[in-house]
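Undergrad: Going by the numbering used here, the sequence shown opens with residue 1, and the numbers climb by one from there.
Hints are computed from structural coordinates only; laboratory data are not their basis.
Warning: the hint list may mix true and false statements.
Unchecked claim - Taking lysine-lysine pairs in the PhoX-like style, the calculated list, with each CA pair at most 20 Å apart, reads:
no., residue 1, residue 2
1, Lys136, Lys78
2, Lys89, Lys136
3, Lys78, Lys89
4, Lys124, Lys136
Unchecked claim - Computed beta-carbon distance windows for the label pairs:
no., residue 1, residue 2, range
5, Arg149, Pro59, 43 to 51 Å
6, Pro148, Ala60, 39 to 47 Å
7, Gln57, Ala110, 24 to 32 Å
8, Lys18, Ala41, 50 to 58 Å
9, Ser150, Ala60, 44 to 52 Å
What you are looking at is a predicted structure, and each value in this text was computed from that prediction instead of being measured.
For glycine and all other residues, C-beta sits at the position ideal for the given N, C-alpha and C.
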Amino acid sequence: MVSRKAVRGATVGREGPKGVHMTQAEISGISPFFIVQDAAAALSFYRDRLGFEITFQGPADDLFFGIVRRGGAMIMLKSVGVAPLPNYKREPAARWDAYLYVPDPDALAAEFASRNVEFSEPLKDTHDGLRGFELKDLDGYVLFFGRPRS
Numbered sequence: 001m002v003s004r005k006a007v008r009g010a011t012v013g014r015e016g017p018k019g020v021h022m023t024q025a026e027i028s029g030i031s032p033f034f035i036v037q038d039a040a041a042a043l044s045f046y047r048d049r050l051g052f053e054i055t056f057q058g059p060a061d062d063l064f065f066g067i068v069r070r071g072g073a074m075i076m077l078k079s080v081g082v083a084p085l086p087n088y089k090r091e092p093a094a095r096w097d098a099y100l101y102v103p104d105p106d107a108l109a110a111e112f113a114s115r116n117v118e119f120s121e122p123l124k125d126t127h128d129g130l131r132g133f134e135l136k137d138l139d140g141y142v143l144f145f146g147r148p149r150s
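When you get a sec, could you build the whole thing from the sequences and use the hints?
TA: Here's what the structure looks like:
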C-alpha cells in the first residue's frame, strides 16, 4: 500500500515514489460556462433551436442557472447580472467561444436549417482544414460545429 503522502508528490504516467508506476486518469470532456442575459431564454434557445436537452435548471423560483447537453457536448449557462462578453468582442481574432466536434457537420447543418437557425458562417471547408459552420446564440456566443477534413 502506498501512502497519500507518497502519491501526492508522484508524477503522473511515470515512475512514482519507491518504484510505484502511476497511470494517467482520463478526462472525457470539457464544458463552456457562458454568462447569459436571461437563463430561461438561453435554455429555451439551446433546447428548441439546437436540439439540446436541459439537464438542470434552477432554482425554480428564480431561474438563473442551467445545463444543456447534446451527445457529448455540455454547456453551462448562468445569468449573473452582468452583460455577456463573447470572445470576439474582446479579441476579434478569437471569434469562437466553443468548438463542438461533429462527425457529420453536413447533417447537423441541414437539421439546424430545418429549424430556421441562422448561421453566422455557412457550412464550408475552412482554410485551416476544418469542415463546419458557425452560429451565434442569443447572447452572441459563437459556436463552431465541425470536424477536421479527412
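Undergrad: The structure should be examined with respect to each hint, and the outcome stated for every one.
TA: Status of the hints after comparison with the structure:
In summary, the hint linking Lys136 to Lys78 is supported, as the alpha carbons are separated by about 17 Å, within the 20 Å threshold. Straight-line distance between C-alpha atoms of Lys89 and Lys136 comes to about 13 Å, which keeps the hinted pair within the 20 Å bound. A hinted pair counts as satisfied when its Cα atoms are at most 20 Å apart, and Lys78 with Lys89 qualifies at roughly 19 Å. For a cut-off of 20 Å, the pair hint linking Lys124 to Lys136 stands: about 16 Å separates their Cα positions.
The hinted range of 43 to 51 Å is satisfied by Arg149 and Pro59, whose Cβ atoms lie roughly 44 Å apart. Between Pro148 and Ala60 the beta carbons are some 42 Å apart, a value that agrees with the proposed interval 39 to 47 Å. Hint check: Gln57 to Ala110, Cβ distance near 29 Å, so the stated range 24 to 32 Å holds. In this structure the supplied range 50 to 58 Å holds for Lys18 paired with Ala41, their Cβ-Cβ distance being about 57 Å.
Restraint check, Ser150 to Ala60: a C-beta distance of roughly 46 Å satisfies the suggested window 44 to 52 Å.
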